[in-house]
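Top to bottom, those sequences are chains A and B. If you're matching positions, the first sequence starts at 124 in our numbering and goes up one per residue. If you're matching positions, the second sequence starts at 15 in our numbering and goes up one per residue.
Since the hints were made in silico from the structure, they are not lab data. Heads up, a few of these hints could be off.
[Unchecked claim] When the alpha-carbon atoms are kept at most 30 Å apart in a straight line, the in silico DSS-like pairs for lysine-lysine are as follows:
1. A:LYS205 / B:LYS133
2. B:LYS227 / B:LYS133
3. B:LYS122 / A:LYS205
4. B:LYS237 / B:LYS133
5. A:LYS205 / B:LYS227
6. B:LYS34 / B:LYS122
7. A:LYS304 / B:LYS301
8. A:LYS205 / A:LYS221
9. B:LYS34 / A:LYS221
10. A:LYS300 / B:LYS301
[Claimed, not checked] Using C-beta positions, here's what the derived DEER-type ranges look like:
11. B:VAL141 / A:ARG201: 43 to 49 Å
12. A:PRO284 / B:SER569: 47 to 53 Å
13. B:ALA187 / A:ALA198: 44 to 50 Å
14. A:PRO284 / B:GLU296: 44 to 50 Å
15. A:ASP236 / B:MET15: 32 to 38 Å
16. B:GLY570 / A:GLU239: 32 to 38 Å
Remember, predicted model here, so these are calculated numbers, not experimental data. Glycine residues also receive a C-beta, built at the ideal position from the N, C-alpha and C atoms.
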Amino acid sequence: MWIVFQAIGEPTPVKRPIDEGWISCIAAGDMEALRRLYDAVSGSVYGFALSLVRDPHDAEDVVQETFLRICRFAADYRPQGKPLAWIFTIVRHLALDKRRQQTRTLPVEEVVDVTEVADTDDRLLLHCLLNRLSEEDRQILILHAAVGMKHREIAAVMGMPLGTVLSRYRRALNHLKTIAKEEGLHDE
Amino acid sequence: MTNKQLERRLAQAWGALRPKTELDTIVGVVPTPVASAAPKRFPRRALVAVLAACLVVSLVVGGLLSAGRQTSAPPLTLIDIDVNPGIELAVDAADRVVTVQAVNADGKRVLNGLTLSDKALPEAVTVLFDRMVAQGYVAGEDNCILVTVQTADNGEADRIANAVSTTIDAALAQHDIAAPVATQTVVDFAAVTDFAAQNGISKGKANFILSLKEKEPSLDAAKLAQYPFSALAAIAQNLEVPLDSLTDYDAVSGLNKQLADALKKEADEIGAILLTDLLTPEEAKAKALASLRDWEAAEALFVKAELRWDGGVPVYQFELIVRNHVYEFAVNALDGGYELPESQQKPSNSTTTTTVGKGPQVVYSTLPGGGTVAFISTNKYMTTTTADFTKGPTAAWTPRSTTTSTATNVQEESPYIDREEALRYAMAASGVTSYEEVHRQKVMDRVSKVKYGVPYYYVWLCVDDAYVFEYDIDGITGAILSSAYRPLGPAENTQGEWIDHEKAISLAIIHADARSEMPTDLQWNTERSPEGAHYYYVEFASGGWWYAYRIHAFSGEVLHFETIPII
């Protein structure tokens, strides 16, 4: 018999860098608010898009189209304390559309590299994340651990029950830990 | 490395990702104006939309003039340029720009970063139109430009209007664009300004509504304010109020006739239908939301809402997103009638569009490269799932036609076979003819889960105390989805009877001490180790935490557990 106590005390502090008020400012044409939003989330938007479309150029296209959509539909945004859910719903739909276009033309890349990441361990971890997990596990892990979305928001974006999100998140995290260790990721 | 350390490390690594695209590159194309994008699909309607935008009559800020009078400063001439964007310039007697301000969000985007104060009027106008062309607001003849001038001297107003119009023509010619420019003069907009502010609409639309109300006092002006301009024009036409009498154009390029003709065509489409009681957009949205389930309505995000004319009938067309579904509604603006919503799931590996209505459904589509995709909508979550049947046991799979369910029969009858039926199908497949031959059996109810694209049962049979058969059985048809056969493993043979899954769940709840707060989102599963040992995985939420347990299927021992804070 073996019992592992995996007690995790307080929730991991996640980055929630965006102010919901920026979106209403964007609706009013405030370019500074758009810039702040871009600075805050464009990296995550790019990474999440890359994880889905698996091509850096297509991911860049998704980033651009996402911010165009944000500008266009900012006035329709209803503040509910879920700006990230709104934004990443847009990203997900655009990325899935883009990928559908890809399948009509060229085969989708099997392996995604993040050569722009300088730190070796960071690059290795992202490589494992982007290439070794199933797509849904990858999305859930990215949206919570990297983007900082709440589990409930992810459930809404992914169209999954909350329990499924939590269950898959837990398993994905364990899976990533195992894979990264196999690949030689150094412990802290 | 703990989970927490891994999460922190992942967030740190993620922070190194950045797109190469600069915001300024994106801003260069923000936004693509709806009015100029539409003509490709609906040229005539788009023209009306553009013209409607142009009818957003720019207003003169009387305060500036009165302020000028109070301080004895030279009177300013106020020039509103409306393309949608709307921009207002105040110029002095030497035609130099004193102030410039946007009158709407698009105007703010145009002015962002521009300094026009103290520039000569022609230079400022040229800069503005260069920017509007670059940002896509002015693209061709479908655009029209309205220039409104207010000054105390009518002769001076004409001079400035002509000068601005000429400058605009020249500026656009540099981009090989020819767009009609109309000018008008206005007098007192105090009432218009108040009405626009009260109803949150443009002053041009306010002016039109108040003029219409003046002709037909029975109209409810506040309600009219909620309609799009095309509906207002149609209402005017329907009430036989000449459109020319509602506008005060001093057109320099025949725009007035163009506008009137376009609006008349639009109004002619709806014939003699009385339009004064059109649903407002908000009322139509409520109709659309009413057809959804409560949770869907609560999560619905409207991404498109517009009024169109369908065979002469005004129809609100909505597009809204609920989770991973896109719904398209068409709501009759006259009687609120609507068709059942269509939702489109966008599977990554299929080009087939699938209709999914309300309730549990299984919809099959053929993949371009062969194989079948099943779209499953369960009555609990309306989760649609895709599966490629080229990877599944196709021999046992019998494609069916689309099944549909209404909201009523979702609640009244289950589409699934029961556990006993699943067991019988498994026994038949294993060649067992009587219950006596089955020494142990277990039917795992997984009809809320999906495998090979369908809800299914997992059946484990121990026959003659020597062999184990395992089956995944279609929860709807009873078809065998997968099967396995092997000798009874030592771990199974020596550890007695399985505990029931309810027992496993209760063990987990007791271990978590979660009895005081009712666990939610409960789910369970089984897995088998390579040695043949079976485990229950039990997961649930309680007290803001997510609990995950692995419990031995025979002994009931808690082998492993994890907790995750739910945020």
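Compare the distance between the alpha carbons of LYS34 (chain B) and LYS221 (chain A) with 30 Å, and conclude whether the hinted pair is satisfied. holds (18 Å)
Please test the hint of 47 to 53 Å on the beta carbon pair from PRO284 (chain A) and SER569 (chain B). violated (30 Å)
Can the suggested window of 43 to 49 Å be confirmed for the beta-carbon pair VAL141 (chain B) and ARG201 (chain A)? violated (37 Å)
Look at the Cβ atoms of PRO284 (chain A) and GLU296 (chain B) and judge whether their distance stays inside 44 to 50 Å. violated (31 Å)
Against the 30 Å threshold, does the CA-CA distance of LYS237 (chain B) and LYS133 (chain B) hold or violate the hint? Not satisfied, since the Cα-Cα distance of roughly 43 Å exceeds 30 Å.
Are the Cα positions of LYS300 (chain A) and LYS301 (chain B) separated by 30 Å at most? violated (49 Å)
Holds or violated: 44 to 50 Å for the Cβ distance of ALA187 (chain B) and ALA198 (chain A)? With Cβ atoms ~34 Å apart, the hint is violated.
Quickly compare the C-alpha distance for LYS304 (chain A) and LYS301 (chain B) to 30 Å and report which way the hint goes. It is violated: about 54 Å lies between the C-alpha atoms, which goes past 30 Å.
Take a quick look at whether LYS205 (chain A) and LYS221 (chain A) sit within 30 Å of each other, Cα to Cα. holds (25 Å)
Between LYS34 (chain B) and LYS122 (chain B), does the CA-CA distance stay at or below 30 Å? holds (26 Å)
Using the Cβ atoms, figure out if GLY570 (chain B) sits within 32 to 38 Å of GLU239 (chain A). violated (51 Å)
Quickly compare the C-alpha distance for LYS122 (chain B) and LYS205 (chain A) to 30 Å and report which way the hint goes. holds (26 Å)
In this structure, the hints that do not hold are numbers 1, 2, 4, 5, 7, 10, 11, 12, 13, 14, 15 and 16, in rising order.
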